[in-house]
Amino acid sequence: MSQKYFEDFELGDEIGPMVLQATDDQVVEFCELWGNKPPNRFTSKEIAEQTGVGEPIVPGIMSMALIAELFNECGGSQNIVDLDVVFRASVPHNAPLHVVGTITDTREDGDLNLIECDILMTGPESQRYVIGTAIVNLPKKSDL
Amino acid sequence: MEFKLEYDKSLYGKEHVAGPFPVTADLIQGFSKATGESNPVYFDENVAKKEGYGGVVAPPTFCTMFVRQVKLPDIKLKFGKNRFHAGQRVSVKASITAGDTLNASSHLKEVYPKTGRSGTMVFIVWETTFTNQNGNVVADVQESFATRE
Numbered sequence: 001m002s003q004k005y006f007e008d009f010e011l012g013d014e015i016g017p018m019v020l021q022a023t024d025d026q027v028v029e030f031c032e033l034w035g036n037k038p039p040n041r042f043t044s045k046e047i048a049e050q051t052g053v054g055e056p057i058v059p060g061i062m063s064m065a066l067i068a069e070l071f072n073e074c075g076g077s078q079n080i081v082d083l084d085v086v087f088r089a090s091v092p093h094n095a096p097l098h099v100v101g102t103i104t105d106t107r108e109d110g111d112l113n114l115i116e117c118d119i120l121m122t123g124p125e126s127q128r129y130v131i132g133t134a135i136v137n138l139p140k141k142s143d144l
Numbered sequence: 145m146e147f148k149l150e151y152d153k154s155l156y157g158k159e160h161v162a163g164p165f166p167v168t169a170d171l172i173q174g175f176s177k178a179t180g181e182s183n184p185v186y187f188d189e190n191v192a193k194k195e196g197y198g199g200v201v202a203p204p205t206f207c208t209m210f211v212r213q214v215k216l217p218d219i220k221l222k223f224g225k226n227r228f229h230a231g232q233r234v235s236v237k238a239s240i241t242a243g244d245t246l247n248a249s250s251h252l253k254e255v256y257p258k259t260g261r262s263g264t265m266v267f268i269v270w271e272t273t274f275t276n277q278n279g280n281v282v283a284d285v286q287e288s289f290a291t292r293e
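Chains X and F, in that order, give the protein sequences. Under my numbering, the letters of the first sequence match residues 1 to 144, in that order. Under my numbering, the letters of the second sequence match residues 145 to 293, in that order.
Looking at chain X on its own, in the form it has when it is part of the complex (with noise of 0.2 Å):
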């Protein structure tokens, strides 16, 4: 994990690509912890057949956590004030997941320095899985 600053992104900069997958394994252990106990369309092909999805999905929520891990990149992804995210297609297991920010805006709001990005998750063959936008507080150089 870096740490990046405030003063380190103007408009057009990305952040990623980040290369990342759900393995079975990990989509299990999440349905576990949510709640939502396996077998469900999430972790089962037949479930998923008969829920008219086709193949094991990964739950949106846990795509977004996934996003989330873009700002790892950049100090941390606890630095997030805002994860807005439109599922598009259903994201597979075990393949693997492009995901990039785009900064739109960098401004300052009383205490904060935030930085705006739009974000975008892919597949192998640029499918696009989730995209969103991203709001993240990042401290600045001046004030260390």
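FYI, nobody ran anything at the bench for these hints, they're computed from the structure. It should be emphasised that the depicted structure is a prediction, and the values quoted were computed from it without experimental measurement. One or more of the hints may lead you astray.
Unchecked claim - Here are the simulated SDA-like cross-link-like pairs (lysine to any residue), alpha carbons at most 20 Å apart as the crow flies: (1) F:194 <-> X:3; (2) F:177 <-> X:96; (3) F:225 <-> X:53; (4) F:258 <-> X:88; (5) F:177 <-> X:24; (6) F:215 <-> X:144; (7) F:225 <-> X:37; (8) F:237 <-> F:249; (9) X:37 <-> F:170; (10) F:225 <-> X:90; (11) X:4 <-> F:191; (12) F:177 <-> X:20.
Using the hints, position chain F against chain X.
For chain F alone, kept in the frame of chain X given last:
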């Protein structure tokens, strides 16, 4: 032509509550591990304290895990058949750390149609506010569900 939506509008203004949800270091670490997090503030109390937190801190989307614990009523929407999770928004108001206890309160925020190339969809948005043991709001979570014609 105005799109007329039929659903139970009496649900506006009603709060649906759930909790308490005790937040433990094990739960935070389990969530972080399952989502592949490696950030030490979610695992190591000493690192978290050096960063100014009271203990192991929860990732920003952690409380989304509790949203489905709120029993939400059927809005009796007379449109579409298949409903799917269309989107989610988390607005972080304060950090959540191990030892906190959260409560959730959800209400129907809005129901609206949207028409595109593939036809009309109706979006149902629920908003859940999480407060901690001190009554402070720690996060607002919006969940959108869509139905197709």
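Checked hints:
no.: 1; hint: F:194 <-> X:3; result: holds, 15 Å
no.: 2; hint: F:177 <-> X:96; result: holds, 18 Å
no.: 3; hint: F:225 <-> X:53; result: holds, 15 Å
no.: 4; hint: F:258 <-> X:88; result: holds, 15 Å
no.: 5; hint: F:177 <-> X:24; result: holds, 13 Å
no.: 6; hint: F:215 <-> X:144; result: violated, 46 Å
no.: 7; hint: F:225 <-> X:37; result: violated, 25 Å
no.: 8; hint: F:237 <-> F:249; result: holds, 15 Å
no.: 9; hint: X:37 <-> F:170; result: holds, 18 Å
no.: 10; hint: F:225 <-> X:90; result: holds, 18 Å
no.: 11; hint: X:4 <-> F:191; result: holds, 18 Å
no.: 12; hint: F:177 <-> X:20; result: holds, 13 Å
In this structure, the hints that do not hold are numbers 6 and 7, in rising order.
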